[in-house]
Amino acid sequence: MAVKLLYFAWLRERIGVPEETVELPESVTDVTTLLDWLATRGEGYAYALESPEIVRVALDQQLVHQSAQIGEPREIALFPPMTGG
Amino acid sequence: MAVKLLYFAWLRERIGVPEETVELPESVTDVTTLLDWLATRGEGYAYALESPEIVRVALDQQLVHQSAQIGEPREIALFPPMTGG
Amino acid sequence: MGVTVRVQEEDFDPQAEQDALTADRTDVGAVATFTGLCRSEGESLSALELEHYPGMAESQIEAAATRAADRFTVDALLVIHRYGKIAPGERIVFVAATSRHRDAAFDACRYVMDYLKTDAPFWKKEHRVDGSEGGWVDAKDADDAAKERWE
Amino acid sequence: MGVTVRVQEEDFDPQAEQDALTADRTDVGAVATFTGLCRSEGESLSALELEHYPGMAESQIEAAATRAADRFTVDALLVIHRYGKIAPGERIVFVAATSRHRDAAFDACRYVMDYLKTDAPFWKKEHRVDGSEGGWVDAKDADDAAKERWE
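Residue numbers (our numbering), protein chains in the order written: chain A, 1 to 85; chain B, 1 to 85; chain C, 1 to 151; chain D, 1 to 151.
By construction, these hints were calculated from the structure, which means they are not laboratory data. Each residue gets a CB set at the ideal place from its N, CA and C atoms; glycine is no exception. Incorrect hints may have been included.
Below, simulated EDC-like cross-link-like pairs (lysine to aspartate or glutamate); rule was C-alpha separation at most 20 Å, straight line [as the list claims (entries may be wrong)]:
hint : chain 1 : residue 1 : chain 2 : residue 2
1    : D       : Lys85     : A       : Glu13
2    : D       : Lys125    : A       : Glu19
3    : C       : Lys85     : D       : Asp27
4    : B       : Lys4      : C       : Glu126
5    : D       : Lys147    : C       : Asp103
6    : D       : Lys140    : D       : Asp119
7    : C       : Lys140    : B       : Glu43
8    : C       : Lys85     : B       : Glu13
9    : D       : Lys140    : A       : Glu53
Which stretches of chain D does chain C cover? Using the computed rule of at least three CB atoms under 8 Å from a CB of chain C, they are [said to hold, decoys possible]:
hint : stretch
10   : 11–23
11   : 39–51
12   : 65–73
13   : 99–107
Can you build the whole structure from these sequences, using the hints too?
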């Protein structure tokens, strides 16, 4: 499944690109397996995801828990805790 | 003792004057006896003070309880509950 | 920490007042304001006429504002309260509090408003659209209760 | 009850925005506002650069504002949040709530600010006066706690 990944703030800086389209492998079923797989994609990814528990994930702009199933979203965003206001 | 009395809002309307200087009799020692005495000064006063418990009193611009001694203030103000803001 | 209180008949410019509190400052992160407007009460009122006790009005507002500024660590706290005849839609009162953080600014603003309602010597006479004599606005039990939440 | 949310790079005129909410209205008694300003952190910062997630930023703020407007019975609720590079002293965020009574206006304003802090996808990068690379502003536990008071 091809899906658009978006990265924000220091996740974007560490990974090195603001967005990319990737083919998710079968092993990726929920947010945890997504982050595990992404961390294997290179040094920047590993650095960005060294503390996966603090990474926030939104599927089609809806914030989800790390146990959430991925389903078939059009876009997946990864970002640090939000600091609005 | 001569003292300036100030009246506000519907107390002013009922009494008919915004202020006056009066000589307080010896019988007036605290706020309660002040209001009792004032109520005897005429029809407007009696009407204004028909429910003395809701009248607020300030001695030299300091709000006091009805049990407060009068002392020797320069001015005494009588008014309804305040509705600022 | 600066407390400013003005009791005046004329209207004012809230944004200019607020901007003056933060001018040349870069340590203020939060500005909370409250503006109280005259309501027409279902288009029945043509105006409210605010009577006040000069001198005591200023000192009572200053006392509440000073307590708020101390308690909530604000940088600046401004209160402007008008008197005289005020038409529906016009400003009656304005409170602005500045602080490093939002909680202090919100709390100070609200504290001042809660105390103003019951402790500031103002009284409001209604002027009716139909020309009949309006009454004096009654004090509300809800305003006494609002004040008590700070005690 | 109208909720308006704008996410934009350019600055705005808070008084004009506030006046628009009450224009031609005589049933609004209370307007509470909050303005969040960029702080220099002891003159160490030259700017904050706000990154945001377009689309989700608007929808998250709208969700919080709609909950606030329903829960506190406000007439109008406006939120403007800027992104891009913002210098110390400049506006970052503005919330204005109008209502018949002050409690609803204050509560709605504060509720929106509390949720914005933790639920709106914005991130702030520090630009330092000395030219060194600044870090990203960390999320605060205090902001999580502030949000929880509404739950």
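Results for each hint:
1. With a CA separation close to 17 Å, the supplied pair Lys85/D and Glu13/A stays within the 20 Å bound.
2. For the suggested pair Lys125/D and Glu19/A, the alpha carbons sit about 19 Å apart, so the restraint of at most 20 Å is met.
3. Among the hinted pairs, Lys85/C with Asp27/D is consistent with the structure: their alpha-carbon atoms are about 18 Å apart, no more than 20 Å.
4. Proximity of Lys4/B to Glu126/C is assessed by CA-CA distance (about 28 Å); at most 20 Å being required, the pair is judged violated.
5. Proximity of Lys147/D to Asp103/C is assessed by CA-CA distance (about 12 Å); at most 20 Å being required, the pair is judged to hold.
6. For the hint pairing Lys140/D with Asp119/D, the CA-to-CA distance comes to about 12 Å; that is within 20 Å, so the pair holds.
7. Restraint check for Lys140/C and Glu43/B: not satisfied, since their Cα atoms lie roughly 28 Å apart, outside the 20 Å limit.
8. Among the hinted pairs, Lys85/C with Glu13/B is consistent with the structure: their alpha-carbon atoms are about 17 Å apart, no more than 20 Å.
9. Only pairs whose Cα atoms come within 20 Å are accepted, and Lys140/D paired with Glu53/A is accepted, the gap being roughly 16 Å.
10. Check on the stretch 11–23 of chain D: 5 of its residues sit with their Cβ under 8 Å from a Cβ of chain C, so the three-residue criterion for coverage holds.
11. Remark: the stretch 39–51 of chain D is confirmed as covered by chain C, as 4 of its residues place a Cβ nearer than 8 Å to a Cβ of that chain, reaching the required three.
12. Given a C-beta distance limit of less than 8 Å, the hint that chain C covers the stretch 65–73 of chain D is violated, as 0 residues qualify and 3 are needed.
13. Only when three residues or more bring their CB closer than 8 Å to a CB of chain C does the claim for the stretch 99–107 of chain D stand; here the count is 5, and the claim holds.
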